[in-house]
Structure formats: C-alpha cells, structure tokens
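Peer 1: Listed below, chain by chain, are the residues.
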Amino acid sequence: MLFNSIAYLIFLPLAVAGYYLLPQRQRWLFLLLASYLFYAFYRVEYTVLLMASTAVSYYAGLAMGAATEKRKRRPWLIAAVAANLFLLFVFKYLGFFTGAINQIASFAGSPGLLPVVSVLLPVGISFYTFQTIGYLADVYRGVSPPERHAGIFALYVSFFPQLVAGPIERARNLMPQFREAHPFDPALMSSGLRLMLWGYFKKIVIADRLVMFVQPVFSQPDMHTGIGIALALPLLMLQVYADFSGYTDIAIGSARLMGFRLSPNFRQPFSATSVSDFWSRWHITLTTWLRDYVYFSLPSRFRGAVSGIRMNLNLVFTFMLVGFWHGAHWNFLIFGLLHGLMMALANITKSAMQSFNQISRLRRAPRFLQALNITLTFLLVSASALFFGQHSLNDSLTLMRNLADFSQTSSILRMLITNNDFILGILLIVFMLTFESVTSRNRVKVWFLTRHTGIRFAFYLGMLFFMLIFGIFSRQEFFYFQF
Amino acid sequence: MMKRKRHFFGKLIVFLLLAAGINAAFNTVYDNWMIYHRLNRNQDRQFEEFNDTLTYLMLGNSHNMVNPAILGNSFNYASPSEVYPQTYFKFRHILENGKQKPEYVILTVDPVNFSPKADNTLKFDGYWRKYVDYPGLYRETGDTDYLVRWFTGRFCSYAGNYKFIYMSLLFARADFSQVVNGYRPPRDFRNFALEPDRKALGIERANSYLSGYGDRPDPGTVDYFRRILELCREYNVGVIMVRMPFTREYLEQARKLVDLNRLDRGIEQIVAESGVNYRVFDFREEFTDQPSLFFNADHVNPEGADIISRKLKFLLDADN
Chain A
137 MLFNSIAYLI FLPLAVAGYY LLPQRQRWLF LLLASYLFYA FYRVEYTVLL MASTAVSYYA
197 GLAMGAATEK RKRRPWLIAA VAANLFLLFV FKYLGFFTGA INQIASFAGS PGLLPVVSVL
257 LPVGISFYTF QTIGYLADVY RGVSPPERHA GIFALYVSFF PQLVAGPIER ARNLMPQFRE
317 AHPFDPALMS SGLRLMLWGY FKKIVIADRL VMFVQPVFSQ PDMHTGIGIA LALPLLMLQV
377 YADFSGYTDI AIGSARLMGF RLSPNFRQPF SATSVSDFWS RWHITLTTWL RDYVYFSLPS
437 RFRGAVSGIR MNLNLVFTFM LVGFWHGAHW NFLIFGLLHG LMMALANITK SAMQSFNQIS
497 RLRRAPRFLQ ALNITLTFLL VSASALFFGQ HSLNDSLTLM RNLADFSQTS SILRMLITNN
557 DFILGILLIV FMLTFESVTS RNRVKVWFLT RHTGIRFAFY LGMLFFMLIF GIFSRQEFFY
617 FQF
Chain B
269 MMKRKRHFFG KLIVFLLLAA GINAAFNTVY DNWMIYHRLN RNQDRQFEEF NDTLTYLMLG
329 NSHNMVNPAI LGNSFNYASP SEVYPQTYFK FRHILENGKQ KPEYVILTVD PVNFSPKADN
389 TLKFDGYWRK YVDYPGLYRE TGDTDYLVRW FTGRFCSYAG NYKFIYMSLL FARADFSQVV
449 NGYRPPRDFR NFALEPDRKA LGIERANSYL SGYGDRPDPG TVDYFRRILE LCREYNVGVI
509 MVRMPFTREY LEQARKLVDL NRLDRGIEQI VAESGVNYRV FDFREEFTDQ PSLFFNADHV
569 NPEGADIISR KLKFLLDADN
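Protein sequence lines correspond, in order, to chains A and B.
Taking my numbering, the leading residue of the first sequence gets 137, the next gets one more, and so forth.
Taking my numbering, the leading residue of the second sequence gets 269, the next gets one more, and so forth.
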C-alpha cells in the first residue's frame, strides 16, 4: 500500500481509530494484523518472507538470551544473521552475482555458466533485514534483552509506518513503545498530521514534479548532453531528498498519530559542509546502523596501534556497503566507493586544509568558508548522482561522455526557462529548503503554534489546496522502494 | 484530558468541514469552467442538435483536424488529449444512444495514438465520467487507478490540473461560436516556420510523446482500438484511417524512436483482420517542406487542416 494512495488514506484513519478504541492489551495484536494487511497489499507472498525473517530472528534472540556467555551466543548470532542475509542475497543480490560470474566466465571463454536469476525484489526487505540484524547484534552484545513476546517482536519487524522504507529502528527505541500505554494525545496527533501534510507536499508537489526533468535524462542518457545532464544531477539528489524525506515524514507522522516516536532520518543534508557531514544528515538510521554494526566491528589497529590507513580503509569499505545496500548494481557500489574515498581523502588532507585556510585567511571569513564548503559538498554529492541515478554502468559512462557536450546549451536553457513546471520546481526547491531551515528553529515553531487557530487553519488549508492543485498525481512510487 | 480531546476533535471537524466546503466549491467551479470541459460539452450539445446526414464522424484526439465544413455531412467529435480507450466509450455511447449512426468513422493512426504514454493517460475525468465506465475498467484490469480516477473526476476534478486552470484563465472569454459541427479550428497564434529552433522543438515534442515506444504499439491502446473496430463491424460502420502530416523535424526524431513502417503495417493488419470495410490515407509527409502549415511540430494550423480536409474529400469522392 503506497502512502500516496487513496487506499492508505482510508487505511490509516481506520488503523488509528482501531488502535485507540481497543484496550491496551489488545493493541499489539491489532497493529500486527494491520501491519501484515498493509504489507500484503503489495503482494501476499511477501508476507511469508517477513514471517520467516521474524521467526528465525525471534528464536535466535531467545536462544541468545538463554546463553550466559558471549561465546555461546555467537553460533546463534551467526546462524540467524546468515539466514536473514541469505534471504536478502537470494531476493536482491543473486541476479547480480550470477551475472557477474557469467561475465567473468565469458572473459575466460565459457559464456552462460550460470542461469541468470531475476527475482522480484520484495518491498522493504533491505529495511526489515537490517532492523532484525540490528536486534540480533544488540541481543548478542547484551545491549538489548531478547524479546520474549513473539507478537511484540513480530510487530517490531513489521510495524507498518516504517516497514517498507524505514526509518530503520533500533530494538531499544521501538520495542518498549509497544508495551507503553499511549493515551490519546491531541498535541502529538496534531504534530503527526502536520508532519504528514509536509511529507505529502514534498512528495507530491516537489519530488514528483522534479521526476519530469530528471527521469528522461537518466532513462535515455544517450539523448541528453551537457547542460541537461549537469542540471539533472543536482535535481536528482533534490528529487530523492524530497521523495525519501517526504516518505519519512509521512512514516514518522503516521506513527505519531498512535503515540509512537520514530527516529529522524534527515537533518537538512544540503546544509552539510563536508561529505561526512552530509552522511550524518542523510538517511541517518542507515548510516548509524552501518557505523555501529559494521564500521565499529572492523579491526582498526595495526601492530597494536590505531592505524589511520586502516580506519580509512574501513570507512571506504563501509561506504561501499552503503552503496551496495541500495542495490545489486556496479553503479551503487561505485557510488558508495566514491563517497568513501571522498571522506577518506578529507581525513587525510584535514590538517593540510586547515593550514591552507589559515594561510589563505579563509578562516577569518567563517561564513564565506561555510558557504564554500556547503557548495562544494553539494556539487560533489551531485556529481556522484551520475552513478546513483543509473542502474547500468554503460549508461553512467554515456552520461559522463555526453556531459562534456555543451553544443545545445542555449536551446535547452531556452526550453527550460519557458517551462512553467521547471520554474515552479526550482521555486519549490528553494521554498522546501528555506521552510525546513526556518522551522528547524524551535523559536519559529513555538511562534507559529501559538498563533490564532484561524491563522493556522488558513496556512494548512493553503498548503493542502496548493498541493491538490499543483501536485503531480501520477502515483509515482517512492524512490527508496526499489531498495 | 477529556476537555482537550473534545477541543481537538471539535477543531478537527471544523477543519475537515472547511476543507470539504472549499473542495466542493473548487470542484464545481473547475468542472463547469475548465476550458476543455466547456469545449467538450459544447461539442456534445452540438452533436445532440446535429440533424444532417451523418456520413463521416471524426473521432480521436487533436491530431484529427479534418474540417467537417469541407468534407460535408460530417461531424468532428475529436477532443484534446483523447485516447482510444476514451474514444471507444464515446463511440459506443453514440452507437447505442445517439440519434443516428455514421456511415464511416475517420480515425487518425499516428504514432502518438499508440504510444505507451497514451495508455491509461485518461485526462479530464470530470468530463469523461459521462462516457467511460471506470468501475468496469477496474473490474476488467484490476487497476485501482480507474476507481481513483472516477473518484477524483467526481469529487476533485481540479486535482493536479494547474495547467488547465491557467489555460482556462487565458481562454476565459473563448468564443465558441467558431465551433461548427464539433470542429474547432486549430490554434493559429503560433507559426512553426517562425520558431527559432525548430529542430529542438521537434525533438522535444517527439521525445515527450513517443519515448519508450519499444518495438510494438501499446497493447492496452491496441486492445481498445480493436474494440472500436469491433463496434464498427457490429454496426456496419466503415473505417477511414488517416495519417496526419508532421513537420520534418518531428518526423526525423519520431523515426529514431519508433519503427513507423512496422507500426503502420501492424495497425493495418489489425484493421484488415477485424473484417471491417476500411481505407488508409497517408498525409504524413505531405507538408515536410512547409513548416508554415503547422502550429507546432505535430499539429497542422487552420490552413494546413483545410488543405488536408480538401485532399481527403477529393480522395473520398474519387473513391466513391
């Protein structure tokens, strides 16, 4: 069930009403059934996978809880993580690996060694697999106790607002909330509705409008050149941001309607002053997950001492995983590699850059330096979209080749500046970034919330009808559903 | 707590009532005032009042610019952005409920008619719900989008239609007296020959309507095209297929995106297999050296439309 579908707009109020009407002890069951119904709307078969992942992780968690020593917990951890990763591998990566093996074999002169398997990717599998692995790791480390209630655990894995595209929740944050009594809270309800309205606005009005300009470039790279591609790259990142952060806002808002607090996933990423700062603001629950469960688990010492080289290699490796998490394509791997390398390079040259800023007196103009860093970061991140927006390496290379051809610049620019949707899209991007920057200040929030009801209603109605009139109602799927 | 809860729900109800009221007002205004709704309803009224012999009935989208005043005994029922699923429902309505049935239907068979971008791109649901059986389409395809379209067409027809609101503002004082026998003279405030970069415009137009064509026409549209032919066979209506003229720039790009020969052969084969009485008239390359006869890259202007209508009349008369 898509968040931007009429079905969800019917389902959600019923789920919220049902949740509050039932006594606390029955709410988990109701939410669990609602979550499975929500998921079954995509494909009923997918629910079997969800159940399998849940059952394996639940029993492994219990077994680990019963073991007193870490060494006895390890086999359970390995078995359960392997089982979860196996499902992810089969449904998401098998085709990629069989294809890669065949490619290598064809170089050696024996083509078609393995049958290329193409399985339909179950929606949300990357998200709930990471969530369950996170739980298993926490139980193994003793950070979280094992969940003994099978229903609560199943709900933790399948909680509908965050099931298909996150935020990837930690057990210690979400699980206890299922046991808490959530009395009806008008303030929380209002803030949830506000957040959802903003999420829908970003998705329907901004992201889906930008698709019109981005998709043609990435779907037919050989037909676009210079300025068209140069514009499509930053627009893709802004489209993905409006889309994914919009989705996240709807998810967090939906959960908030029932009194649940989900983790934030974005914090104004385009204000980042470095690539590592960007990743601390973009898809936060994924990057912190990889930081905690992968990066910190990698060996950082060489001959007893902390090794800078090894730390940087770990960073590059972790970000290759970030890339690969997005999809079984070389492009995503290169996307992650590029980001890892950029961060490693920034680490290596950190002191040199500080000296440069000192000598060049840039340090004396902190605002200018900050603006420069924000711009450079945005350009670097946008450049990496050459690989993020594509699934084929050949297409990315075509884009890179065509990027140098500026022969049609004037006609493309003329076409764009006379395109009302393009102009509106640019204005809306400015509005979105400004609005989020302004409302991130508590002072502004408090000021707005203390205005007269009529003023607030006028604002909400204005936003709602602006969305209805200027929205793109093509039921475009959320960008991150493909992951 | 109880008081806060009551207060919250009170405000929520007021908000929802306000939103519903504004929505109803917007929907009513849009439905009655939107330029294409007005044009299409004007066409409906003219068809109901049409009392001449109906030899030719032009159906389809804005490409079908055959002038009934030149052809004689005819009515142009083509409407902007119409796709063959919509045409099928309108044609069925005419045959089942109309005062008279045509001897021939004139359909354009241009690449845009069978483009994958044509399928499911039902527009103007507020108007089309009069003809299109949306629940039936849902039952047939299982696609809930048809139910959503029916719902939005009924209750929220302005949603996402900012372009048509803007257009309706521009044409708020549109003169419908020019519309005769359903035929609205094509737009003439632009001349393609005067465009500074015709090549870019041709490429852009072809790309936006024909990209993603693949190696065969859209199956959903072909299915409805077959159904139209089935109606023709059932009611003994002849089919005249017309390939409308394109500018050289559009045609060059279209050829890169679509195998036009294959498409034409495929469509002709479908019509031949349907067992209807049919003729094909190809004007596609008629004006490739005369950009001044076009409004934009793939639409002739009034002068171009009249030349084509005269040529078609001559050929049809010669045929008879």
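In case anyone wonders, no lab produced these hints; they're calculated from the structure.
One or more of the hints may lead you astray.
[What the hints assert, rightly or not] Calculated pairs, DSS-like style, for lysine-lysine (alpha carbon to alpha carbon, straight line, at most 27 Å):
id: 1; chain 1: A; residue 1: K581; chain 2: B; residue 2: K279
id: 2; chain 1: B; residue 1: K367; chain 2: A; residue 2: K581
id: 3; chain 1: A; residue 1: K581; chain 2: B; residue 2: K273
Peer 1: For each hint, tell me whether it holds in the structure or not.
Peer 2: Evaluation of the provided hints:
{"no.": "1", "hint": "A:K581 - B:K279", "in the structure": "20 Å, holds"}
{"no.": "2", "hint": "B:K367 - A:K581", "in the structure": "64 Å, violated"}
{"no.": "3", "hint": "A:K581 - B:K273", "in the structure": "22 Å, holds"}
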